[in-house]
Each structure stands twice: as C-alpha cells, then as structure tokens.
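Engineer: Each chain, letter by letter, is given below.
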Amino acid sequence: MKRVTFGHSWLPYFFVLPQIAIVVVFFYWPAGEAVRSSFFLEDPFGFGSTFVGLDNYAAALTQAEYQRVARFTVWFTLLVTFFSLAIALVLAVKADEILRGAKTYRTLLMWVYAVAPPVAGLLGILLFDQHVGPLVDVAAWFGWQMRVGVNYWDTAFAMVVVSVWKQIPVNFIFFLSGLQGIPHSVREAAVIDCKSGLRRFWTVTFPLLAPTGFFLLIINITYALFDTFGVIDLMTKNEPANNPVTLVYKVFLDGFRGNDLGGSSAQSVILMVLVFILTVVQFRLIERRVHYT
Amino acid sequence: MSLSQTQGADAMAAPLAAPAARRIRWRAVMNHLILIAGSALMIVPVLLAFITSTHDAVTIHREGLQFLPGGAFSETYRKVLLEGTGFTGEVNGLTMAVNSLILGFGFAIGKIVISMMAAYAIVYFRFPFATFAFWAIFVTLLLPLEVRILPSYEIVHSMGLTNTYTGLIVPLVASATGTFFFRQFFKSVPDELLEAARIDGAGPVKFFIDILVPLSRTMIAAIFIIMFVYGWNQYLWPTLITTDESFFTLVRGIKQILQVWVGSNIPEYGEAMALAILAMVPPVVIVVVFQSWFIKGLTESDK
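From first to last, the protein sequence lines stand for chains A and B.
Quick note, the first sequence lines up with residues 143 to 435 if you use the numbering used here.
Quick note, the second sequence lines up with residues 23 to 325 if you use the numbering used here.
Calculated directly from the structure, the hints in this document are not laboratory data.
Treat the hints loosely; a few may be bogus.
Claimed, not checked - Computed list of chain A residues with no C-beta within reach of chain B, every gap over 12 Å:
#, residue
1, TYR208
2, VAL257
3, GLY285
4, THR345
Said to hold, decoys possible - Ranges between beta-carbon positions, derived for each pair:
#, chain 1, residue 1, chain 2, residue 2, range
5, A, ASN380, B, VAL211, 49 to 57 Å
6, B, LEU183, A, PHE193, 25 to 33 Å
7, A, THR204, B, VAL311, 50 to 58 Å
8, B, GLU97, A, GLY174, 28 to 36 Å
9, A, THR246, B, PRO91, 21 to 29 Å
10, A, TRP295, B, GLN206, 41 to 49 Å
11, B, SER268, A, TYR294, 31 to 39 Å
Claimed, not checked - Stretch-level coverage of chain B by chain A, calculated; a stretch enters the list once three of its residues show a Cβ under 8 Å from a Cβ in chain A:
#, region
12, 47–54
13, 71–83
14, 96–105
15, 117–131
16, 159–172
17, 264–271
Values in this document were obtained by computation on a predicted structure and should not be read as measured data.
All C-beta atoms in this analysis are idealised placements derived from N, C-alpha and C, irrespective of residue type, glycine included.
Generate the whole structure from the sequences, applying the supplied hints.
Structural biologist: Here it is in structure tokens:
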C-alpha cells in the first residue's frame with residue numbers, strides 16, 4: 143500500500159474484479175469441490191453420492207499401493223532436489239569464477255529451462271530405449287541390463303536422471319545471480335583471510351548463498367512433486383501399473399482412469415495440506431534461520 | 023578456449039610467485055573442463071535427438087541413435103509439419119504449432135493484463151475489502167493446478183468449455199504469480215511520481231495508462247517471456263481439455279505420437295524426434311535471445 147493513494151469509489155473494484163472472478167471460478171470453486179467430494183463416495187455410474195466421512199482418507203492412507211507410491215515420491219523428491227541443486231551449484235560457482243567465456247557458458251547451461259517436461263521425457267525414452275538408446279549400451283558395459291519401462295527400478299533411475307537434467311538450469315540461474323550479488327569487498331576480504339578456496343567456499347560463499355538455497359529448496363521440492371508430471375506420464379508409456387509414479391500422478395490415475403472421484407479428491411486434499419505446510423515452513427525458515435547480511 | 027583463459031590468468035597472477043601462478047592456471051583449466059562437461063550434459067541429448075531426426079526410420083531402427091547428420095532432414099520435417107499425424111490424421115505439425123502459439127500468447131497476454139490491473143488496484147487504492155482481495159488472490163500461490171485437477175476439469179467441462187481456447191487458457195490464468203510480481207514492482211515506484219501526476223491533474227486511469235504502464239515496459243517484457251514459455255509448455259491441462267485433435271498443441275501432441283508408436287513394427291523415431299525438436303525450438307529461441315530480460319524477470323519476481 144502506498145503512502146499516497148487514490149480514493150475512488152468503484153474504480154479499484156473494476157481493476158481487481160477480473161482477477162478475483164477467475165480466481166473464484168477456477169481456483170476456489172475446484173479446491174472447495176475437491177474438499178467436499180473427498181467426504182463422499184461417488185457412484186461410478188453417476189447415480190448420486192453418499193456421505194462417508196473420513197472413509198476416503200482412511201482408505202487412501204491404509205492402501206498398500208498408496209504407501210508404496212508415497213515412499214517412491216519421497217525418495218524421488220529427495221534425489222531430484224539433491225542432485226539438481228548440487229550439480230547446479232558446482233556449475234554456478236565455476237561460471238562465477240572464470241574470467242572469460244562466462245556469458246557463453248551461462249547461455250549453454252540455462253536454455254534447457256525452456257524445454258517442456260514431457261519433451262524431456264520423450265528424449266529420456268529415446269536415450270534409454272531398449273533398442274536404440276545409447277545410455278542402455280553404456281549401462282551394458284558395466285554389466286547393467288537396463289530395461290526402462292519394464293523394470294521398476296530402472297524406470298525410476300531414468301526418471302530421476304531426466305528430471306534432474308530438466309531442473310539444473312533454473313537452479314543454475316538462481317545460484318549464479320546469487321553469487322554475483324555477493325559484494326566485491328566481501329570477496330576480497332575473504333581472499334585475504336582465507337587461502338584455501340574450498341574452505342572459503344564453505345565458510346563465506348555458502349552461508350551468503352543460504353537465502354537463495356532455501357528458496358530453491360522449496361522450488362525444487364514443488365517441482366519434483368508436481369511439475370515432473372509430464373516426465374512421468376511419458377516415461378511410464380501408459381503402463382503405470384508396474385512402473386513408479388508419484389502422488390500427483392496417482393491423483394490423476396485414480397480420478398481419470400479409475401473413476402474414483404472421492405478417493406482422488408481425498409488424495410488431492412492430502413497433497414494440498416502438504417503444499418500448505420511446505421509454504422509455511424518456507425516462510426518460517428527464511429524469516430528466522432537465514433542471515434541476509 | 024582454455025589457452026586464451028590461461029593467458030588471462032597469467033596476466034592476473036604476474037606479481038605472484040611461479041608456483042602460485044601455475045596453481046591458478048590449473049584451477050582455470052579445471053573450471054573450464056567442468057563447465058564444458060556441464061554444457062555437454064545439457065546439449066548432447068538434444069543434439070542427438072536432432073541428428074537422429076534427420077535419418078529415416080529404418081536406419082534408426084537398425085543402427086540406433088545417429089551421431090552424424092543424415093539425408094532425410096527435409097523429408098522428415100516436411101512430413102511432420104504438413105502431413106497428418108495422430109489417430110484421425112486431421113492434425114499436422116503446423117496446426118499444432120499454431121495452437122501452441124495461441125496458448126502461449128493468449129496465456130501471457132491475459133495474465134499480464136489481468137494481473138497488472140489487480141496489482142494496480144491493490145497498491146494504489148484504499149478501498150474496503152482491499153486486504154481481503156489481496157489474500158484471496160495470494161492464497162492461489164499455495165496450490166498448483168495439478169492438485170485440484172479433477173474438480174477443475176469437471177467444472178470447465180460442465181461449462182461446456184472443453185475443446186475451446188477459452189477453456190484451455192483462462193483456468194491457467196487463475197494463479198497469482200503475475201499479480202505478485204507486479205505488486206512488488208509497483209511498490210518500488212517512487213511516490214513522488216504519483217504526487218506529481220496528481221498535481222498535473224491526472225486521474226487514476228490516465229496515471230495507469232500514461233505513466234505506470236510505460237514505466238513497467240522492461241518488467242512486462244520479462245514476465246511475458248516467462249509466461250509465454252510457461253503457456254507453451256503446458257501439458258496436463260491441454261491433455262485433459264482438448265480431445266479434439268484440431269486443438270492439440272505441440273507439447274500435447276507428443277503423447278499422441280508415443281501412442282501411435284507403440285503399435286507399429288518400425289517405430290517412427292525420426293518423426294517423433296522432429297516433433298520434439300519443433301516443440302522446443304520457439305521457447306528456447308525466445309529464452310536465449312531475450313536472456314538478460316528473462317533472467318532479470320525470473321530472479322526478481324520469485325524472491
């Protein structure tokens with residue numbers, strides 16, 4: 143809010159109305175609908191629904207399949223977040239350190255940002271293809287008979303690789319801009335005080351990057367949970383039964399393929415709560431623990 | 023590249039003793055090697071896909087992915103762009119590209135117009151429900167579309183908006199990213215501007231159109247690039263909303279290609295790769311060409 147503002151009776155409503163209307167119709171209504179139908183058991187043929195209380199939640203949480211998917215989602219998220227952050231950090235530190243060609247490297251390392259996840263998934267299918275994929279040949283040298291799309295763990299491995307590849311550029315862009323925001327005086331002082339480059343990184347640069355890092359941590363967790371949908375949808379090749387999927391993909395499967403409206407909605411609400419907690423944690427952590435100076 | 027680099031490092035390290043200079047040189051070489059490896063990791067998969075797309079299906083099927091350009095480039099891309107693919111054969115690469123452009127532009131423009139207006143009202147006006155409007159809009163940042171996908175589909179379906187551009191674009195606009203971004207920017211605009219404009223007799227509408235919008239030009243460009251790429255790359259929502267092939271976007275069409283593959287004896291790897299390349303070229307070109315705007319927008323809006 144500005145110190146100086148306009149006082150006008152209806153104009154602000156006119157300006158804010160389109161956004162509010164869209165948000166109400168396409169956000170609050172569906173979100174509310176998800177919460178409502180999570181308490182009902184819908185007849186699969188469309189003949190009404192019965193109130194079942196928390197049954198859908200109980201059914202989802204006790205289902206062995208749901209627990210398996212949840213476990214996979216946790217591992218998948220951890221691996222994707224860790225590797226895409228670590229690789230991007232190394233590359234950003236190097237790109238910040240070199241004197242020549244920094245702009246060229248920046249371009250070469252960031253453009254994959256614009257590649258859509260399903261397109262990345264298609265590339266993954268090709269590179270890990272049983273017949274034509276070069277990465278399968280590479281794995282075969284090490285005695286690993288990779289069968290992506292057939293073997294659960296092989297598919298999981300390929301999914302992590304593709305998802306990490308797709309996410310490196312975003313992390314790289316933010317880390318690099320974070321590094322370039324560190325003042326020269328601080329850097330010079332650090333060089334004088336500490337000769338070892340590695341120690342200088344952990345004691346000076348890394349703490350200064352912490353705000354960027356925490357922000358990216360949440361971004362990456364959200365990415366691994368939701369935006370990898372395209373990668374997973376392509377790489378399971380329409381056979382999600384014996385391939386790994388994430389919780390969001392299961393919401394989609396149960397809702398659209400299984401026609402289980404109540405179960406799918408209950409899972410949606412569980413995810414909503416999860417995202418809500420993540421966001422609160424994000425604000426709390428950034429406000430309290432991280433030093434900005 | 024590493025040679026010129028070491029010369030640069032030499033000039034810097036001249037006053038230092040010889041071992042230190044050598045260490046710095048080695049460090050520079052290592053840095054470049056790591057960066058080259060990283061760049062290769064990003065480029066090689068796409069390059070392989072492109073080179074493979076210039077070969078015919080039989081060659082690819084027999085010999086695997088190709089590392090040298092082949093002779094089928096014009097034929098493959100002509101086929102993908104102009105001839106029918108998919109189940110009914112009604113849609114070709116060109117129509118899909120047009121649909122992708124409509125989605126990308128429609129989404130970016132719609133989002134910018136709507137969110138600028140909302141941010142203007144929130145920042146520059148004092149009105150009842152202002153705080154309520156603010157929170158109502160910003161709560162949407164919490165829940166991505168994927169989480170509420172089934173009810174969103176049901177609602178859009180019940181409105182009869184499936185297989186329309188409206189149904190494709192408008193529900194995607196229902197998130198506050200743009201509003202949040204413009205709010206931050208408007209707050210950084212000095213108050214004196216508004217005071218001066220009021221003394222000169224400018225009303226709220228005139229101030230918005232004649233001063234604030236021109237002032238936000240760079241910001242609008244940056245957010246346009248981000249939103250265009252976001253819209254172009256949408257996958258799940260178009261997959262649900264468009265069942266009529268004439269509304270398919272390139273990214274949506276990828277899945278269809280895969281399904282046609284599964285049943286065929288010699289999969290059309292080349293054509294699938296060509297389609298993937300077509301789907302990534304426009305957003306990649308925009309991001310690379312307008313790099314500095316794009317990075318500025320991305321790093322400033324999300325913090």
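Engineer: Confirm or reject each hint.
Structural biologist: Now the hints, each set against the structure:
no.	hint	in the structure
1	TYR208	16 Å, holds
2	VAL257	5 Å, violated
3	GLY285	20 Å, holds
4	THR345	19 Å, holds
5	A/ASN380 to B/VAL211: 49 to 57 Å	51 Å, holds
6	B/LEU183 to A/PHE193: 25 to 33 Å	29 Å, holds
7	A/THR204 to B/VAL311: 50 to 58 Å	53 Å, holds
8	B/GLU97 to A/GLY174: 28 to 36 Å	53 Å, violated
9	A/THR246 to B/PRO91: 21 to 29 Å	24 Å, holds
10	A/TRP295 to B/GLN206: 41 to 49 Å	44 Å, holds
11	B/SER268 to A/TYR294: 31 to 39 Å	38 Å, holds
12	47–54	holds (count 4)
13	71–83	holds (count 4)
14	96–105	violated (count 0)
15	117–131	violated (count 0)
16	159–172	holds (count 11)
17	264–271	violated (count 0)
Of the numbered hints listed earlier, those contradicted by the structure are 2, 8, 14, 15 and 17.
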